[in-house]
Structure formats: C-alpha cells, structure tokens
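**Student:** Sequence:
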Amino acid sequence: MDLYEYQAKELFARHGVPVPPGRVASTPEEARQAARALKAPAVIKAQVKTGGRGKAGGIRPAPGPSSAEAEARRVLGMDIKGHTARTVLVEKATVPFEEYYAAYLVDRAAGTFLAMVSTEGGMDIEEVAATRPQSLARMPVDPAAGVDAETARRLTDQAGLPEDAREQVAAVLTGLWRVMVEEDALLVEVNPLARTSDGRVIALDGKVTLDDNAAFRHDHAAFADPPPDRGAAGLEARARARGLNYVKLDGSVGVIGNGAGLVMSTLDVVAEVGGGRPANFLDIGGGASAQVMAAALEIVLSDPDVRSVLVNVFGGITACDAVAEGIVTALGTLGEVGHPIVVRLDGNNAEAGRAVLDAARHPMVRMVPTMDDAARAAADLAAR
1 MDLYEYQAKE LFARHGVPVP PGRVASTPEE ARQAARALKA PAVIKAQVKT
51 GGRGKAGGIR PAPGPSSAEA EARRVLGMDI KGHTARTVLV EKATVPFEEY
101 YAAYLVDRAA GTFLAMVSTE GGMDIEEVAA TRPQSLARMP VDPAAGVDAE
151 TARRLTDQAG LPEDAREQVA AVLTGLWRVM VEEDALLVEV NPLARTSDGR
201 VIALDGKVTL DDNAAFRHDH AAFADPPPDR GAAGLEARAR ARGLNYVKLD
251 GSVGVIGNGA GLVMSTLDVV AEVGGGRPAN FLDIGGGASA QVMAAALEIV
301 LSDPDVRSVL VNVFGGITAC DAVAEGIVTA LGTLGEVGHP IVVRLDGNNA
351 EAGRAVLDAA RHPMVRMVPT MDDAARAAAD LAAR
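Residue numbers (UniProt numbering): 1 to 384.
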C-alpha cells in the first residue's frame, strides 16, 4: 500500500524523523484554517500517490490564510498523472539551504535491503543514477544487523555529505530505518531531505510503501483509501475486499478461473475466437470454496459491460463440485440473472461438479467440455 505524503510523515514523526508542521485539508476553507493555525507562510501540496506534483502545479506557496484558501481551491480536484487531488497538505514553508536524498528499499534481486543517499536531492533520482552514478551512494543492508549510528555515518561519508551535516543526517537515517523495519515497509524515501539555513535537517517530502502481506501485524487501516463505490475502481475495490484477484478490462466476456496461468490462457483464447473480448481477469485461486466462487460471480455479473460469463476451472486443490456449489449459491442470491454463464469443469471432482449444475437446471447456465469450445460459446453469446 502506497501512502500519501502526509501519512508518510506521520510515520516519520512517530520514529523521530523531523518533519515540518502541517495539517491536511479537503476544502479551501479548511486550508485557510490550517494556514491560520500555522501562523507562518505555508505551502499547499496536492496529496496524490504519484510524483511530478511540482511540475504539474500541485505544489504552491501561500504567504497567508487567504492565499492558502485560494491556492487550495486551484489544487483540489487537480488531475496529476491520472490521480485526482482530493486533499492538500497545508505545511509550514521551509526554504532549503541544501537538498539531499535518502531511501531504503527491498532489493529483491539481491535478497536484501538497499540504502541510497545522495547530495543531489530534489531531482529525479533515476536521472541522477543514470547520468551521475558517482553522486549516489548505495549500500546493501544486512537485515540482521540493520542500520545503527555507525552504519548511518558510513552512509553519509560514502555519499560525501558536508561534514557539519553528517551527524544530523545519520540520525535521520536511523529513524528512517526504524520506519522501514518496524512498519514493515518495502520503500521509505525522502526527496528532498533538506538542510535549512539555520542548520536543521528536515524531511520536506516523504514516500512510503507498506507491505500488505504484513498488514496483520499493524494497525494501518486508517491509511487505506475508502473504496470507490462505482466504475472499474469500485469493482476492483470490492473484489480486493473479498480477497479476489480482479482486474477490469474493456471487453464483454466475464472470465473466472482458478490460477493466474489458466486465467491468462483463457483471456487469450477468448480474444482469439472473436465475437467478444475479455471484460476482466478474475483468479479465484487454489482451494477456492463455494463462498469464494459465489463472490467472484457476483462481482463479474455486477459489471454493466459483461454480456456473458465464462467460468473455466481445472480442479486440483480447487474441487470442481465446490465451484459448482458456489455458482448455484450465487444464482440463488442474485435473483434474476440476465446473462448466460458458460462453465467448463475439468479435473478434481469434475463429474460431481457437473452433476450439481445438472441438478440445478438453471436456464442461464450451460456446460461445455473444452476450454476452446467454452470460450467460443461465451464469445458468441456476448455478441448477440
């Protein structure tokens, strides 16, 4: 889960990393109030989970409360690389004397953590790494040893930071490491890490990606975006809340399968037979229960673009009779179903699954023995 800047800074402050004072606002009037409470010049910062806010006009100075209200009105609702700014961070303006870069990330290729520090903050780090790699210090971090004060000082030395800034930056680096480990993050980044004219070192920006697989160890629910209630994003959010791997596509044939490889193959076959394109990718996973199958069918049938559904299951861990029970359960709770459902069952308990569907005798369900024929049937039905 990616965090907004203000959320990342909440974690920074919790672990001793200095950040400017600020408040979040969702209306221009709230921005005015926040700026008044700061009693200092402010900056209005669009809260979106993408970079390039400054270039897009999403970061604007506000000398006082009235200008904060005016600038927030300009920024709220702004589209930045496909992300809509629904809130702004009203933050005390800080003029940097120098700008640094600091980050920790999971280096999957090396199977460890990687620390990166540079004196060239405020720029795209990819550009620095490509054009001036000598300006970016990289150091693998032993997960067992972590980053203590001595390791942090070595990082600042390797990056060539000014001597009189190294102790403060080292303290920030140890704080950021606590964020990385104690919050189970995959990425912790500050760009820029600013040194002010009075010698303070402070995180002017923050980017954090949390590991969803470790969510059970934390109380991070407040960081999650409220699920959209409509459109493709709404369907994906509803599916995610039920533990389903769903991606909305632009066709008319809903596709449900067990296993990412099988679902991908099914998408290809549907596209090849003509008559309709896949409307979604939905993997119910291995060992799916009847309840999971019912939830999957409900999600797919709620897509207004879907005109037919193809359920393609090869039973292994997933038993075909459980899939069939899920289909019957879903059809019983959804009420009138206006779209045909083509089912191909093979493998574990396939005969029992077919018997369940035969006994249900639902007029909208038809069974087809092979994947190619099932895809062709679903595409033909979608085209009618």
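Hints are not guaranteed to be accurate.
Claimed, not checked - With a cut-off of at most 20 Å between alpha-carbon atoms, the simulated SDA-like pairs for lysine to any residue come out as follows:
(1) K55 - V95
(2) K92 - V24
(3) K207 - R108
(4) K207 - H83
(5) K39 - A56
(6) K248 - S302
(7) K39 - P28
(8) K248 - A233
(9) K55 - T84
(10) K207 - S302
(11) K207 - R240
(12) K207 - T119
(13) K92 - I202
Unchecked claim - Label-pair restraints from in silico Cβ distances:
(14) G64 - A109: 46 to 52 Å
(15) D148 - V95: 29 to 35 Å
(16) V337 - G261: 26 to 32 Å
(17) D212 - G332: 29 to 35 Å
(18) E126 - P63: 47 to 53 Å
(19) G261 - D2: 26 to 32 Å
These are calculated hints, taken from the structure and not from any lab test. Where is the CB? At the ideal position from N, CA and C, for every residue including glycine.
**Student:** The structure should be examined with respect to each hint, and the outcome stated for every one.
**Tutor:** Hint by hint, here is what the structure shows:
Only pairs whose Cα atoms come within 20 Å are accepted, and K55 paired with V95 is accepted, the gap being roughly 18 Å. Annotation: proposed proximity of K92 to V24 holds, straight-line Cα distance about 12 Å (limit 20 Å). With a C-alpha separation of about 19 Å, the suggested pairing of K207 with R108 holds against the 20 Å cut-off. Restraint check for K207 and H83: the C-alpha separation of about 16 Å stays at or below 20 Å, so the hint holds.
Of the pairs offered as hints, the one joining K39 and A56 is violated, with about 27 Å between alpha carbons and a cut-off of 20 Å exceeded. For the given pair, K248 sits about 12 Å from S302 by alpha-carbon distance, which is consistent with the 20 Å threshold. Using a Cα cut-off of 20 Å, the hinted pair K39 and P28 holds, with the two alpha carbons roughly 17 Å apart. Distance check on the hinted pair: K248 and A233 sit about 8 Å apart at the alpha-carbon level, within 20 Å; holds.
Distance check on the hinted pair: K55 and T84 sit about 15 Å apart at the alpha-carbon level, within 20 Å; holds. Between the alpha carbons of K207 and S302 the distance comes to roughly 35 Å, so the proposed pair goes past 20 Å and is violated. For a cut-off of 20 Å, the pair hint linking K207 to R240 is broken: about 23 Å separates their Cα positions. Straight-line distance between C-alpha atoms of K207 and T119 comes to about 18 Å, which keeps the hinted pair within the 20 Å bound.
Under the criterion of a C-alpha separation no larger than 20 Å, the hint pairing K92 with I202 is consistent with the structure, at around 12 Å. At about 49 Å, the beta-carbon gap between G64 and A109 stays in the expected band of 46 to 52 Å. Remark: the range hint 29 to 35 Å for D148 to V95 is upheld by a beta-carbon distance near 32 Å. In this structure the supplied range 26 to 32 Å holds for V337 paired with G261, their Cβ-Cβ distance being about 28 Å.
For the pair D212 and G332, the beta carbons lie near 33 Å from each other, so the given range of 29 to 35 Å is met. Distance hint check for E126 and P63: the Cβ-Cβ separation is about 33 Å, which falls outside the suggested range of 47 to 53 Å. As the Cβ distance of G261 to D2 is approximately 27 Å, the hint placing it in 26 to 32 Å holds.
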